[in-house]
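A.B. asks: Protein sequences, first through last, are from chains V and R. So the first sequence is numbered by our numbering: it starts at 1 and just counts up by one. So the second sequence is numbered by our numbering: it starts at 1 and just counts up by one.
Any given hint might turn out to be false.
To be verified - Derived lysine to aspartate or glutamate pairs resembling DMTMM-like cross-links, with alpha carbons at most 20 Å apart:
id : chain 1 : residue 1 : chain 2 : residue 2
1  : R       : K185      : R       : E195
2  : R       : K35       : R       : D193
3  : R       : K35       : R       : E195
4  : R       : K35       : R       : D205
5  : R       : K35       : V       : D292
6  : V       : K208      : V       : E42
7  : R       : K35       : R       : D203
8  : R       : K35       : V       : E247
9  : R       : K35       : V       : D69
Unchecked claim - Which chain V residues face chain R? A few, computed with CB under 10 Å, are given here:
id : residue
10 : I159
11 : L162
12 : L167
13 : N174
14 : N413
15 : F421
16 : M424
17 : T427
18 : L429
19 : W432
20 : V433
21 : L472
Claimed, not checked - Output of the computed footprint for chain R on chain V, the stretches with three or more beta carbons under 8 Å from beta carbons of chain R:
id : stretch
22 : 96–107
23 : 227–238
24 : 459–465
The hints are simulated quantities; they were obtained by calculation from the structure and are not laboratory data. Glycine included, every Cβ here is placed at the ideal spot set by N, Cα and C.
The residues making up each chain are set out below.
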Amino acid sequence: MVERDGNPAPPDAPQIGVDEWVATHDVRREGGHGPLARIRRELQRVPTPGFYFAFGAAAALLPAFTTNDYILRVGFDTLLYMLLALGLNITVGYAGLLDLGYVAFYGFGAYAYAMLASPQFGLHWNTLAIIVVATVATALLGFLVALPSRRLLGDYLAILTLFFGQLFVTVYQNGNHISVLGFTRGYDVTGGPNGIPNIDNYDILGLKITTVRGYYYTALIMFLLVLSVVYLIDRSRTGRAWRSLREDPLAAELMGIPVNRLKLIAFAMGAAIAGMTGTLFAALNTAVFSADFDVPSLIIVYAILILGGAGSLGGVIIGALVVNVSLEVLRTPGHATYIFYAALAIGLVAFVRPWRWFGIVVGGTIAFGYVVHAIVSAVWPDGVAGSPAIGGPLGSFLDSWQLYPANPRTIGNVAFVALVFVCMLLTLLHGWVRWVALIPTLYLASFVWENRLVAEPSITRLILIGVILIVLMNLRPQGLRGTARVEIV
Amino acid sequence: MNWNLFVTELVAGITHGSVYALIALGYSMVYGILKLLNFAHGDIYMVGAFIGFGLITVFGGPLGLTVNVVLLLFLMFLCAMIGGGLTGVMIERFAYRRLRNAPRIAPLITALGVSFFLENGAQLVLGAQFQSYNTFSWANNPIGLNGFTLPAQARISYAQVIVVVGTIVLMIALTWFVQRTQTGKAMRATSFDREAAAMMGIDVDRVIVVTFFIGSALAGAAGVFNCIAYQQVWPYMGFQAGLFAFTAAVVGGIGNLPGAVLGGLLIGLAESFATGYLSSTFQQAIVFAILIGVMLLRPSGLLGTAAVQKV
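Generate the whole structure from the sequences, applying the supplied hints.
C.D. replies: Structure representation (structure tokens):
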């Protein structure tokens with residue numbers, strides 16, 4: 001790159017020994033020109049805690065705008081997911097340990113609270129004492145789980161923790177007749193499949209928390225406290241050591257960083273946060289069931305962490321907001337449909353370049369739909385016998401554009417499988433062929449959505465989470481808020 | 001001591017263990033080459049089982065077969081192995097290939113996503129319920145009615161014989177392939193050192209695709225064995241089987257093919273004896289205990305060699 005066509009290199013060209021990424025660093029830092037880049041630059045000047053304060057203030061104002069318990073409940077759940085993602089962020093994001101038994105620690109904390117504050121054993125301890133005990137106990141459990149695999153590769157830890165998570169669910173599911181090595185009678189420890197009901201509310205120094213609003217604030221305070229602690233740890237010696245360990249354990253060890261001890265601390269800390277969150281979960285729900293702590297919850301927490309960007313605290317907030325709120329909205333078919341088409345539109349705006357192709361794809365899809373609809377209604381009237389799940393202008397548009405077979409189940413299933421194949425095929429195409437192929441794909445996606453997915457919200461949620469994990473990891477492994485990893489060799 | 005129970009559980013354990021061993025082989029092969037734990041591997045077993053189940057249903061169900069049983073079995077194996085193999089190849093091509101040089105955690109999380117997607121996609125398309133069907137009328141008949149007896153009046157069914165013999169045949173074929181063919185040699189070289197293999201002119205991409213195909217085809221075959229021996233399929237069946245199978249691969253020494261077989265048999269026997277002598281809820285705990293024990297005492301697995309990390 002130094003000499004081009006025999007001429008000496010211009011003075012501003014990358015020099016020998018200076019990597020291109022380093023050489024262009026300042027330019028990228030400026031972030032281009034125009035008003036958007038200016039706003040971005042101004043925002044970069046705000047210290048990070050400023051954003052956390054802003055989030056805290058906004059979240060604290062939410063109950064002022066609504067008295068709807070359902071909305072507050074969704075807010076509370078989102079805060080719980082944020083707390084969980086904060087803990088997982090330490091284990092996965094900072095230390096780079098894949099913990100697949102994470103929700104078991106969450107469950108352990110929840111059950112600990114349930115056992116110490118319910119008629120199950122007739123215990124009604126002080127809430128603060130329970131929180132401390134549950135947190136410490138979960139941290140110890142995390143320590144014990146990580147111990148056997150401390151010297152091994154991360155992969156072994158993944159297996160061990162996944163197994164541990166499964167074992168946790170099985171043990172608590174069958175924990176209603178536990179006997180000591182078969183010598184004593186069976187004791188009912190965990191309530192088995194019926195769980196533990198009638199759990200006490202939080203009672204912090206005489207202040208009883210009984211309403212959803214109260215729990216919302218408790219969760220918010222807990223989240224902000226944990227966030228501050230994690231933020232401080234992140235900037236401490238330990239935090240820096242964790243990150244160096246994540247990037248290259250071998251190099252870290254050679255620099256004299258106590259790798260094993262730091263791994264155990266990271267694992268136990270993540271577990272402790274999950275355990276603490278569990279007590280809050282148990283108190284609001286007033287009952288715990290082991291099925292709540294199975295793989296689907298684990299995958300949701302992972303999706304939040306990955307979407308936000310592992311290792312980024314702001315990413316945890318954004319990830320939890322996006323994932324949990326959209327999952328919640330997906331429950332109602334009417335809202336879900338709007339979200340689906342909005343997401344498609346945002347995706348097209350973000351990825352289809354240049355703009356004329358954006359116009360062609362959108363126009364083409366609409367025209368394609370009308371043509372298919374006309375042909376099918378002429379040839380096979382049953383193919384348009386159904387109707388969309390929503391009314392209004394979008395509904396009537398869909399009714400005249402999309403196909404709604406009278407009996408959509410089988411054809412919807414076939415279309416779903418076809419859609420998966422078509423999407424994979426699409427990643428192999430390049431240039432204009434890809435944009436043209438996008439037109440029928442979009443129509444097919446809309447067909448599958450209208451006829452199959454919208455009718456089964458619970459499975460659709462899980463399928464979407466799986467897709468989010470695969471697509472994000474392939475396209476943007478650093479998530480929305482993380483910084484891309486650059487290797488300079 | 002109740003010898004009948006003992007022999008019965010022994011036979012059941014070997015049958016179970018054969019299925020685990022076949023799945024574990026795929027885990028081990030992929031791990032050997034990519035150093036990737038393919039969490040979706042157990043779900044390929046599920047795909048194979050559903051292909052087998054679909055074929056049985058298409059040909060009239062086990063009690064009203066419209067084709068010859070041998071032909072049906074042959075078709076089931078062929079389709080499940082090809083279908084499973086292609087699923088594996090597609091997963092590699094579309095989910096893992098871009099991440100080959102990413103940090104280790106990225107493909108693991110992707111694998112988790114693929115597994116979750118396959119399970120729930122199958123649930124959407126095929127329904128969440130267990131699909132049970134009548135046994136083949138001959139499959140559960142004990143063999144040896146004509147004078148051949150096992151110790152302690154225990155019984156071996158035809159299904160169990162098919163599973164064990166089929167597993168042995170597949171393993172011999174795999175060993176022959178890995179040890180004696182050009183591609184097998186390339187696979188061993190790639191698993192030893194991917195970069196060096198690429199420098200020696202081995203098409204690493206092709207080797208990885210072949211590895212995924214063969215490993216996944218074995219999982220598909222394991223799914224058909226499940227169809228014959230247990231007459232039950234459901235979308236989440238791959239999860240527990242996958243978990244046990246990669247425990248087997250780790251116990252035997254991951255990346256080591258004889259180790260995967262040994263681990264599979266060990267896990268199968270442990271599970272079977274735990275069910276017979278304690279209760280089925282203890283299966284997981286026993287297998288977990290074996291996993292912990294092996295990790296503490298022999299971290300590289302029973303047949304594995306200790307990994308020396310070179311820089």
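A.B. asks: Each hint needs a verdict: does it hold in this structure or not?
C.D. replies: Here is how each hint holds up against the structure:
Note on R:K185 and R:E195: the hinted pairing holds, with a Cα-Cα distance of about 15 Å set against a maximum of 20 Å. Between the alpha carbons of R:K35 and R:D193 the distance comes to roughly 11 Å, so the proposed pair stays at or under 20 Å and holds. A distance of roughly 13 Å separates the Cα atoms of R:K35 and R:E195; the hinted pair therefore holds under the 20 Å criterion. Restraint check for R:K35 and R:D205: the C-alpha separation of about 15 Å stays at or below 20 Å, so the hint holds.
About 32 Å separates the Cα atoms of R:K35 and V:D292, which puts this hinted pair outside 20 Å; it is violated. Pair hint V:K208 plus V:E42 does not hold up; C-alpha atoms about 44 Å apart against a cutoff of 20 Å. For the hint pairing R:K35 with R:D203, the CA-to-CA distance comes to about 18 Å; that is within 20 Å, so the pair holds. For the suggested pair R:K35 and V:E247, the alpha carbons sit about 17 Å apart, so the restraint of at most 20 Å is met.
Pair hint R:K35 plus V:D69 does not hold up; C-alpha atoms about 49 Å apart against a cutoff of 20 Å. With 10 Å as the threshold, the beta carbon of V:I159 comes within range of chain R, its nearest partner Cβ sitting at about 6 Å, so the hint holds. The criterion of a C-beta within 10 Å of any C-beta in chain R is met by V:L162, whose closest approach is roughly 7 Å, and the hint holds. With its C-beta approaching chain R no nearer than about 5 Å, V:L167 sits inside the 10 Å limit, and its interface hint holds.
A cut of 10 Å between beta carbons decides the hint on V:N174: the least distance to chain R is about 5 Å, and the hint holds. Proximity of V:N413 to chain R holds as hinted, the smallest CB-CB distance being about 4 Å (cut-off 10 Å). The closest approach between the C-beta of V:F421 and any C-beta of chain R is roughly 9 Å, which is under the 10 Å cut-off, so the hint is satisfied. Because the smallest distance between the Cβ of V:M424 and any Cβ of chain R comes to about 5 Å, under 10 Å, the interface hint for this residue holds.
The criterion of a C-beta within 10 Å of any C-beta in chain R is met by V:T427, whose closest approach is roughly 6 Å, and the hint holds. Hint status for V:L429: violated, given a least beta-carbon distance of 13 Å to chain R, over 10 Å. The closest approach between the C-beta of V:W432 and any C-beta of chain R is roughly 22 Å, which is over the 10 Å cut-off, so the hint fails. Checking V:V433 against chain R by beta carbon gives a least distance of about 18 Å; that is not within 10 Å, so the hint is violated.
Satisfaction of the interface hint for V:L472 is found here, the shortest Cβ-Cβ separation to chain R being roughly 8 Å, below the 10 Å cut-off. Under a criterion of three residues with beta carbons nearer than 8 Å to beta carbons of chain R, the stated coverage of the stretch 96–107 of chain V is upheld, 3 such residues being counted. Requiring three or more residues with a Cβ within less than 8 Å of a Cβ of chain R, the coverage given for the stretch 227–238 of chain V is violated, as only 0 such residues are present. Given a C-beta distance limit of less than 8 Å, the hint that chain R covers the stretch 459–465 of chain V holds, as 5 residues qualify and 3 suffice.
Checked against the numbered hints given earlier, the structure breaks hints 5, 6, 9, 18, 19, 20 and 23 and satisfies all the rest.
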